[in-house]
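Peer 1: Sequence:
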Amino acid sequence: MTELPSVNNAVESSHNRFPNFSDCRNLTNQRYVASIDVIADARTEPKPEIFHPGDGRSFYGGISWSW
Numbered sequence: 030m031t032e033l034p035s036v037n038n039a040v041e042s043s044h045n046r047f048p049n050f051s052d053c054r055n056l057t058n059q060r061y062v063a064s065i066d067v068i069a070d071a072r073t074e075p076k077p078e079i080f081h082p083g084d085g086r087s088f089y090g091g092i093s094w095s096w
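Residue numbering for the sequence shown follows this note's numbering, starting at 30 and increasing by one per position.
FYI, nobody ran anything at the bench for these hints, they're computed from the structure. Ideal placement from N, C-alpha and C gives every residue a C-beta, glycine not left out. Heads up, some of the hints might be wrong.
Here are the in silico distance ranges between beta carbons for each label pair [as the list claims (entries may be wrong)]:
id	residue 1	residue 2	range
1	Ser-87	Val-40	16 to 26 Å
2	Phe-47	Thr-73	46 to 56 Å
3	Asn-38	His-81	21 to 31 Å
4	Phe-80	Pro-34	15 to 25 Å
5	Phe-47	Gly-83	26 to 36 Å
6	Pro-82	Ser-43	39 to 49 Å
7	Asp-70	Ala-39	43 to 53 Å
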């Protein structure tokens, strides 16, 4: 199993009224299986979808305000 490259950053302090964050995930846009379903009897389903793909490259960011 290989690690998916990601970068996380958060800026918070007691004097900063607007803390912010950023998060970048799966930077190389690798395909991977995020979860697998269990099937009790695979003969009942003609094409069971048991592998669910993971998210591709994604970027998140935000700012919060405190008073």
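Peer 1: With reference to the structure, classify each hint as holding or not holding.
Peer 2: Taking the hints in turn, this is what the structure says about them:
no.: 1; hint: Ser-87 x Val-40: 16 to 26 Å; in the structure: holds (20 Å)
no.: 2; hint: Phe-47 x Thr-73: 46 to 56 Å; in the structure: holds (55 Å)
no.: 3; hint: Asn-38 x His-81: 21 to 31 Å; in the structure: holds (29 Å)
no.: 4; hint: Phe-80 x Pro-34: 15 to 25 Å; in the structure: holds (22 Å)
no.: 5; hint: Phe-47 x Gly-83: 26 to 36 Å; in the structure: holds (32 Å)
no.: 6; hint: Pro-82 x Ser-43: 39 to 49 Å; in the structure: holds (42 Å)
no.: 7; hint: Asp-70 x Ala-39: 43 to 53 Å; in the structure: holds (47 Å)
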